[in-house]
Amino acid sequence: MKKRQNTAKAAPFLAVFLFLAVWEIICRAMKVETYILPAPLRIMKVFWEKRGLLLMHTSYTLREALAGLILSVILGVLAAVFMYRFPLAERAASPLIVISQTVPIIALAPLILVWFGIGIGPKIGIVVLVCFFPVTVSALSGFKATDPGMVSLLRTMGANDLRIFTEVSLPSAAPLIFAGIRMAATYSVMGAVIGEWLGAEAGLGIFMTRAISSHRADMLFSSIFIVVFISLALYGLTELLECAALPWKRKTADY
Amino acid sequence: MLEIRELSKIYENYGEAGRLEVLDNINMEVSREEFVSIIGPSGCGKSTIFNLLCGTEEKSGGTVTLDNIQAKPGDFSYMPQSDLLMDWKRVWENIALPLRIKGVPRFLAKERVMSESSLYGLSGFENAWPSELSGGMRQRAAFFRTMLSSGRIMLLDEPFAALDAINRERMQEWLMEVLEREKRTILLVTHSVDEAVFLSDRVYVLTPRPARVKCCVEIGLKRPRGCELLTSPEFNDYKAVLLKNLAEGGEGNG
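If you read the sequences in order, they're chains F and B. Residues in the first sequence are numbered consecutively from 136, following the numbering used here. Residues in the second sequence are numbered consecutively from 1177, following the numbering used here.
Bound conformation, chain F alone:
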């Protein structure tokens, strides 16, 4: 039993390792040029050589992604609360919110650059634009799923609307809110990179455009690896937060 559990834990790592191994073998066997597709070991080497530069750009991007994510969570939950409280606001705002997701950010980015310059602020704005949606939508559907029986029970106990919201709606919606935050976390790094792509002082997006223009596919891939890695790290962080914030979920999972 124990052994099977360990195998289950190892499976995803094994799959990633196999994927990289096949990649390496294909590159070597077919003698693929580095500027077309660099092999994983080559990428690791560049990774090590450029570690100082990469670290600087990564910290820049990570800051944008984190700030944007936190801002999205705050704004998204507040917007959901507002729309839950005032259904008219939901009716009015929901088409706008959906439309905001259909606009291709990559097309809008150059304009944002013109409007707000190349500082960190507009990058955070783009992250918020991308991450706001999943948080708002999941929080709102969580609030709407509030058990009406519990609401009327609390009413018979003499609770007011605010009390009912904090005792029932918010905690019952919490798992869904966290699902939205997890989704937003995986988008956030991508959002920051798109923001940097067309102009920034620093960041992985800028590093990527420079790598491409100098035909350094190995450098490009080393930064892609970082984007993947920090996206996964942020995802893991939200899971840890969820575990800490929803202790009752943790308990039932044991059974």
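Any given hint could turn out to be false.
Quick list of simulated restraints, FRET-style, between CB atoms [as the list claims (entries may be wrong)]:
#1 F:L246 / B:P1249: 55 to 61 Å
#2 B:K1420 / F:A227: 56 to 62 Å
#3 B:F1283 / F:P382: 17 to 23 Å
Don't read these hints as lab results, they were simulated from the structure. We treat Cβ as the ideally placed atom computed from N, Cα and C, and that holds for glycine.
Chain F is already provided as a structure; the job is to place chain B on it using the hints.
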């Protein structure tokens, strides 16, 4: 004394028929510390009476008075059919909820729950999550929570309907014991004839929809009542009377 006079409930704009008459001219009385049950065919509107008393629905007509003063929703402590324990609160926090809403400080509320939890068979489980409790324990926790609500009259809406037969009988006996210790005025909705006879001082039988009071039966069985009563001839006599009235259905005498 609780007096319900000419209580009626009509849903306007209901389906194709246009309107649905659920309750028609309901008259009931419940004295202090009396245990009164309401029994009727399922779907006849038993629970609607509770919703009207608690103020979760508007009544279409009639009056409800408590000691000759118009009753407020706050006069009732309501125990719903499903236990409605909150997964995200520990057992003691769930039970203490009515105290906390009234503004009792957290530590005092906790102390109160801790000191009485053994009466409800919950000692050692105060800090558990509701998902760790058995069905019977959940019902006892919900009942404990209702006991801590300040309403003078307890409304129990089929509290044991979700339990299996054995647990159900055990819970009925347990409820009896608790009430011997701490007298309460109770109105119980049930569709179990056994439960009504075993627990009540009086039983109101309702007709099918629109519900009218078909009759009121005094249950003269001595207290304390034990499980041996369930097979006694007197018990069966009362049961027969109730079953006969339920089977007749039809016109109530108001």
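Each hint tested on the structure:
At about 57 Å, the CB distance of L246 (chain F) to P1249 (chain B) agrees with the hint of 55 to 61 Å. Between K1420 (chain B) and A227 (chain F) the beta carbons are some 60 Å apart, a value that agrees with the proposed interval 56 to 62 Å. Taken as a hint, the range 17 to 23 Å holds for the pair F1283 (chain B) and P382 (chain F), whose Cβ atoms sit roughly 20 Å apart.
In summary, the structure agrees with every hint in the numbered list given earlier.
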